[in-house]
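First to last, the sequence lines map onto chains A and B.
Just so we're aligned, residue 111 is where the first sequence starts under the numbering used here, counting upward by one.
Just so we're aligned, residue 20 is where the second sequence starts under the numbering used here, counting upward by one.
Errors might be hidden in some of the hints.
Simulated restraints on C-beta separations [said to hold, decoys possible]:
| # | chain 1 | residue 1 | chain 2 | residue 2 | range |
| --- | --- | --- | --- | --- | --- |
| 1 | A | 134 | B | 33 | 17 to 27 Å |
| 2 | A | 217 | B | 313 | 54 to 64 Å |
| 3 | B | 142 | A | 181 | 25 to 35 Å |
| 4 | B | 295 | A | 207 | 53 to 63 Å |
| 5 | A | 210 | B | 266 | 24 to 34 Å |
Since the hints were derived computationally from the structure, they do not count as laboratory data.
Backbone N, C-alpha and C fix where the C-beta goes; we use that ideal spot for every residue, glycine too.
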Amino acid sequence: MAAIPEPVETLLAAALVGELTVVDGTGRPVTYPLIPLYDGERVYLTSSTLFSKKLEHIKANPKVALSLTDPIAVGGRTDRATIQGDARVIEEDPHGGWERLLPIWEKKEPSIVFFLKQRVALPLFFERSLIEITPRRVLYWADGDAATAPQSTDVGKEAA
Amino acid sequence: MAGSAAPTRTPALDVRQGLEKLATYPYQILTFVGPDGYPVSVAVSSTIEPVSSSASFAAPVGLSLPIDADVSLTGSHIRPQPGYGYDERRHVTVWGPAMISVDGRTVSIVASRAWGWDEAEVPFFEYSERSVGQSRKYFDALSVERGTPVKPRLSMASLVLRTTRLPFLSATIVPVLLGILIAAHHGAFDLLSAVLTVIGASFVQLAINVSNDVFDTAQGADDANVTPTKFSGGSRVIQYGLVSFRRMAGLATVFYLAAGAIGVLLLVLRGSPALLAIGVVGFVVGLGYTAPPLKFVYRGLGEIAVAIGFGPLMLLGAYVVQTRGVLTWEPVVASLPIALLVALILYVNEIPDRRGDARAGKRTLPVRLSKSSVIAGYRLAALGAYVILVVGVVAGLLPIPALLALLTVPLALRVSRGLEPNYDNPYGLMSVMAVNINVHLYAGVLLLLAYAVVLIVGAVAPSVDLFIG
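Pulled out of the complex, with its shape left as it was, chain B reads as follows:
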């Protein structure tokens, strides 16, 4: 695997920093290894001098300290939270040889090493992510010990959910159903090919999701990312040892083959040059999203690739299957707001990944742009989605009920306002990312609803025109 060096578990802590931290604890735990080989721990009150890297305390009564071995001083803190457990976890340890005063009453140490963790500085989820290498080492050693592979596990349902990132299928279902509904509004509907389109498009996205993990792992991007969230950073099943790299590559191939088989079937059943062109471009954009040599997302073109793939290509592909290749402006215009909103999902999800992406040479827009530019970019693209929608309705290209999608504007504003304060906090950004995903989903569902209204009104009151002009 290529890529950057494995991340360290915790940021480096020098002795002075360690002692400065230790001085903030109300007492310290002196620990040493006794003559019988068992560790001994006792609480002491130390005078700590970070400048001279030293700490001193009254010799504990009744205990004999070693004079030729390192002892340690540890500070540990939690805050109990009744009914929950505790929070505010932090601890720090410094090591050094003990020196006992002539009168035997005072012990001092000159620290030579420090280590610790403070969840206020390194959040628990990041700390865990930084420790994934230790888990791998543990399972490798246990496998050698037992002579058979021992791996971490998840239930099959959880593993499928995690591996395929199934909940993100809404990014495919929305534009495909919209294309089918618009075609139905134009008098073209075939149930079998509609069902095949939904299934085939879903396989395309599953293939892209899984192959992204394969290529991001191969190029070091997922290993370099220590702040993944449930919305970003990939499925991480390879990093966690839940699924092997080879098996993921195989799964991606199976999904691509399944998508290709359904694509060929649709070409046979409802084929047209337009469908063939959309299929070929879709394959190139989907695979080239992370795969060399194209690697669109590594070149700052990921948002455009996603916008094209999960906007016009999905929607127009579903549309031309139904119309046997006939294209009109209406599905093109309808696909544009969806394209922008789905690209914004990726765009916002790339914000917490940007440091790891930068380390792996994945030059996404949040890697390339400043914070203010990224936030301005979000606002501009979201505004663009809604402006296209309104202009499309005013121009008579989209039905008036499509304006229902404007109901998601408050959600987009929440995302816009949430980016600034959470920009450097991946875990604070999670709720913003969740709302952003809903902007796309709800806008898409409202557009589907709008076309359902158009179809129903067209059936029961054909004289009512829901288009301006």
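Bound conformation, chain A alone:
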């Protein structure tokens, strides 16, 4: 079993936006653009309670995928990846629990700190849950082209 391949870790660190796909109650994939936050071990995303439908889906079916496909969102890189994994919703404290990831979030979206100071204007936006993804498999397209089979890497629990 291996860890997340280094090029994919770099993509994760650079990506302003990735596409989280969850599976809804009918078995259909539903995709949401979100900011991926990677702490070197697990992948995190945050969701406002305003847009919490995805959390309902995850609680019912934790199998998710996060794709990194947009060259514009990853600083011009053309490689692409999809990380499949098991998601867990962390919602002990929707008011402030998510703020532990604020330093990583701020690196990608500096304006979030300004908006957080205006919390009185956007109270529900800052009531948030964390989505923690434990990676299981990584598909990687070095040339970003679906005409080439992806490199598939199983990511073990010990690595996660």
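Position chain B against the provided structure of chain A, taking the given hints into account.
Only chain B this time, still in chain A's reference frame:
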């Protein structure tokens, strides 16, 4: 709660529209659920034909697509903004069953459903407002899961600020202080009753602010409004689940009782028939602003109610407390420009609310009138405020320094010019609303300054007359 149906999160998107939008993205993300239950996503370049509701693309190598389940194609876009984050957020997804060509090289789907969001079409703040129901659902479910209520929170200071709309107290402070200063100029001043008047009048406005939220919620107006701003659409603490409806009703009652208690105390200390009449009319106008059966604001009479309440009633009430019921024309004339300018705050703030208000049957003037009439109405009322001021000075009813309030004319012109281009853009209108609030505040402060000058000159140079004639 009465009122209209809950707003949908995003405007309906039919399949053809979804595909037309999808075709504008440089690539699409094909997503399907693999045999192991995990979703698989891969970027593809599709040929999209909205007319036939279809999209086709080269089969991705090394991946097996399901043949009996829906797959999706997603387009997603942002524009990075270094040092800020990103903007231009938009995404769209279409779903349909995948059909693989005989040679296995091409995949096509016939879309049956589409969904998406484009912040250029539905601004983020409106999108968030449309999603408030989902947040409520989330907290309700979490409360059931934990067996104890879980609610969104704000710090106490922020909650008080938001719930009471404290910054709007300037609408009360200005006319009350003006009434007190004019009375002082007329030789009547009592510090204790002046302080009690300011506190009592402030409780009146706080009661009105909070009870407005209660009655607007009860009648569905605040729930129907998906474009509130920091100046319009109420405090929304009930809609956001920050304060319960019952607690807001209780808070309004406490504020009304506090205002009533101070009113009774003032009647005991400085009572007069005029003060009693002003108090009774003020209570009826204040409560009847949104409360049934009067509901002035729902009948297009909100501006008049606000003009009377926060113009003559506040100013003359403060004046007669000091003079023990003696009335003169000067405070009446001084209250009129303030009345018009405060009514214009409401008038402009109702513009972004007009669609939601119309849905809830709240027939405000911007709901009833055309855009050109609303803008013309603003100009006419603002002009009226300044004309009354000048005529009042020329007629010798107001002091010459009161003309200082004309310094706010450029601000009123900025509002006038800003209405046309921002009329249909609630968030663009926010800066216009802010300037409009300042027109009232600054004009009021300049009138206060004018009477301070009158009092000082009267004390140090009694022979100097600051009134014409």
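Evaluated hints:
no., hint, verdict
1, A:134 / B:33: 17 to 27 Å, "20 Å, holds"
2, A:217 / B:313: 54 to 64 Å, "55 Å, holds"
3, B:142 / A:181: 25 to 35 Å, "27 Å, holds"
4, B:295 / A:207: 53 to 63 Å, "55 Å, holds"
5, A:210 / B:266: 24 to 34 Å, "31 Å, holds"
In summary, the structure agrees with every hint in the numbered list given earlier.
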